[in-house]
Amino acid sequence: MANSSTQRGRGIGRPRWLYLPAAVGAAFVLLPLLAMIARVDWTNFFSLITSESALDALLLSLRTSSVSTLLCIVLGVPMATVLARTQFRGQGLLRSLVLLPLVIPPVVSGIALLYTFGRKGMLGSTMEFLGIEVAFSTAAVVMAQTFVALPFLVISLEGAMRTAGERYEVVAATLGAGPTTVFRRVTLPLVMPGLLSGAVLAFARSLGEFGATITFAGSLQGVTATLPIQIYLERVSDPDAAVALSLVLVVVAVLVIGIAGQRRGAR
Amino acid sequence: MKSTVTTLIPHRRARALGIVLAAALAVAGCSSDDPDSDGGSGSGSNGGSEAGTITVLAAASLTDTFTELGEMFEEENDGVTVQLSFGGSSTLVEQIQSGAPADVFASADEKNMEKLGDEAIEPAPFASNTLEIAVPPGNPAGVESFQDLAEPDLKLVICAAEVPCGTATEKVAEATGVELSPVSEEQSVTDVLGKVSSGEADAGVVYKTDVVGAGDSVEGVEFNESTEAVNTYPIAQLAEAENSELAQKFIEFVLSDAGQQVLADAGFGKP
Numbered sequence: 000m001a002n003s004s005t006q007r008g009r010g011i012g013r014p015r016w017l018y019l020p021a022a023v024g025a026a027f028v029l030l031p032l033l034a035m036i037a038r039v040d041w042t043n044f045f046s047l048i049t050s051e052s053a054l055d056a057l058l059l060s061l062r063t064s065s066v067s068t069l070l071c072i073v074l075g076v077p078m079a080t081v082l083a084r085t086q087f088r089g090q091g092l093l094r095s096l097v098l099l100p101l102v103i104p105p106v107v108s109g110i111a112l113l114y115t116f117g118r119k120g121m122l123g124s125t126m127e128f129l130g131i132e133v134a135f136s137t138a139a140v141v142m143a144q145t146f147v148a149l150p151f152l153v154i155s156l157e158g159a160m161r162t163a164g165e166r167y168e169v170v171a172a173t174l175g176a177g178p179t180t181v182f183r184r185v186t187l188p189l190v191m192p193g194l195l196s197g198a199v200l201a202f203a204r205s206l207g208e209f210g211a212t213i214t215f216a217g218s219l220q221g222v223t224a225t226l227p228i229q230i231y232l233e234r235v236s237d238p239d240a241a242v243a244l245s246l247v248l249v250v251v252a253v254l255v256i257g258i259a260g261q262r263r264g265a266r
Numbered sequence: 000m001k002s003t004v005t006t007l008i009p010h011r012r013a014r015a016l017g018i019v020l021a022a023a024l025a026v027a028g029c030s031s032d033d034p035d036s037d038g039g040s041g042s043g044s045n046g047g048s049e050a051g052t053i054t055v056l057a058a059a060s061l062t063d064t065f066t067e068l069g070e071m072f073e074e075e076n077d078g079v080t081v082q083l084s085f086g087g088s089s090t091l092v093e094q095i096q097s098g099a100p101a102d103v104f105a106s107a108d109e110k111n112m113e114k115l116g117d118e119a120i121e122p123a124p125f126a127s128n129t130l131e132i133a134v135p136p137g138n139p140a141g142v143e144s145f146q147d148l149a150e151p152d153l154k155l156v157i158c159a160a161e162v163p164c165g166t167a168t169e170k171v172a173e174a175t176g177v178e179l180s181p182v183s184e185e186q187s188v189t190d191v192l193g194k195v196s197s198g199e200a201d202a203g204v205v206y207k208t209d210v211v212g213a214g215d216s217v218e219g220v221e222f223n224e225s226t227e228a229v230n231t232y233p234i235a236q237l238a239e240a241e242n243s244e245l246a247q248k249f250i251e252f253v254l255s256d257a258g259q260q261v262l263a264d265a266g267f268g269k270p
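Line order of the protein sequences matches chains A and B.
Position 177 (the first sequence) corresponds to 176 in numbering that gives the first Met the number 0; numbering is contiguous.
Position 216 (the second sequence) corresponds to 215 in numbering that gives the first Met the number 0; numbering is contiguous.
Just chain A, same shape as in the assembly (with noise of 0.2 Å):
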């Protein structure tokens, strides 16, 4: 590690013709968005922007973003944990399954979602039987984020604890601690970081979310359009607002990249 620096200063590991396909890189994704910054109609943003419509649309998608997060949390650093501290027949194969939302078509997983707890759904009569409905509630919403954000914090986390290694926990095992306590109070500290940027990640695409959303979902104003579903929407009557939206999200989408960086850089 200490003569890497010195490595990168002699640039070994990167010639120079690296540079020519690495900018062209850049600008591919660069100048699209730049072309949208352009498109941009200033003088009305503010009121583009601030319109009843767009003003629900990404404060729903703020707050189910924060809720899937949450729930990403819940359930992700467990899987993580099994995947990352236990080893069985098939585990290669689970975590390829877990994986798979990062994959497949956010359409897929939303038709994989409706005939899951639709009202018609496997789920559905049990649901119905216990007084749930999720058919075009925001709870949907929740639930077709966290199941397309879910993989990101899993796949983070599993990955932080695998670098970490087990040493400090079997060190604290032996000094008495029990499995609660060792998780609680060395494995949790340890992977911290990778947790932090995996939540950032889930949080970043759950805003993002669109095409599970639409098909589970459904899109009604305040109850299940997210800004996505608005901006996909208003690009057929008002280009102007669906172009000032845009830029919306992605200035919220570079703040949350950028808090997930600083954290990764803060390791």
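The set of hints was computed from the structure by calculation and includes no laboratory data.
Beta carbons are placed, not taken as given, at the ideal position from N, Cα and C, and that holds for glycine.
Heads up, some of the hints might be wrong.
[Said to hold, decoys possible] Per the computed footprint, the stretches of chain B lying under chain A, defined by three or more beta-carbons under 8 Å from a beta-carbon of chain A, are:
no., segment
1, 149-159
2, 183-190
[What the hints assert, rightly or not] One-sided and incomplete, this derived list gives chain B residues near chain A with beta-carbon spacing under 10 Å:
no., residue
3, Gly87
4, Pro163
5, Lys194
6, Gly198
7, Ala200
Given the coordinates of chain A, assemble chain B onto it according to the supplied hints.
Only chain B this time, still in chain A's reference frame:
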């Protein structure tokens, strides 16, 4: 440590990657001037018949009918290829205005055609569509009329006012004085149909053609007030068309008896 290992991997691999990338770029560059797209018109020996490719942009609701019409047109005209691209009418208008090469545009409403102004040459109405209520098979909520949609316990899904089917729904609701309180306002007819066919919603307001196209997954309930919002579909040749003769011929085909029959079978009304 790992990074040093990766840099020692033979440069051959990096070079191979470069070649693949270059090839991909070259292919992508070539495809824009397809040699078949403009050639061939002189080679046709039997007089009157033309060969070539026309690109038709059509509203998403025309996907099935225009696919069929395109095939029929290709069969009737040797050597002609009809390239179809479907999407939301407003999206297609955006594409045309930003220079997407196309010969014919078929819009789901007159408003979007008007947005094109002079870019669309003499738009002609070729079909119409009316609203219909879609319910899950068996009609569990017992919806019989447009008035029934106001039932407080009914889970109703409609199109958002921003999209054409939503505008039409709003029009009928206003004309009839029926207060609709939907549980969801969807972005597209497809989303409304999905929620009805999966049984999540008790009823949805869509176009007649959507009910026909959805087959057995939904049932349709017609209502008289649908005449309050008849949607007309216009078709036009685009000013930028590379093959205006063929474009005109295709439009005439859509307006012909054979073309109209295909549209009628799918639930479209007379223009």
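Verification of the supplied hints:
{"no.": "1", "hint": "149-159", "in the structure": "holds (count 3)"}
{"no.": "2", "hint": "183-190", "in the structure": "holds (count 5)"}
{"no.": "3", "hint": "Gly87", "in the structure": "7 Å, holds"}
{"no.": "4", "hint": "Pro163", "in the structure": "9 Å, holds"}
{"no.": "5", "hint": "Lys194", "in the structure": "7 Å, holds"}
{"no.": "6", "hint": "Gly198", "in the structure": "4 Å, holds"}
{"no.": "7", "hint": "Ala200", "in the structure": "8 Å, holds"}
In summary, this structure violates none of the numbered hints.
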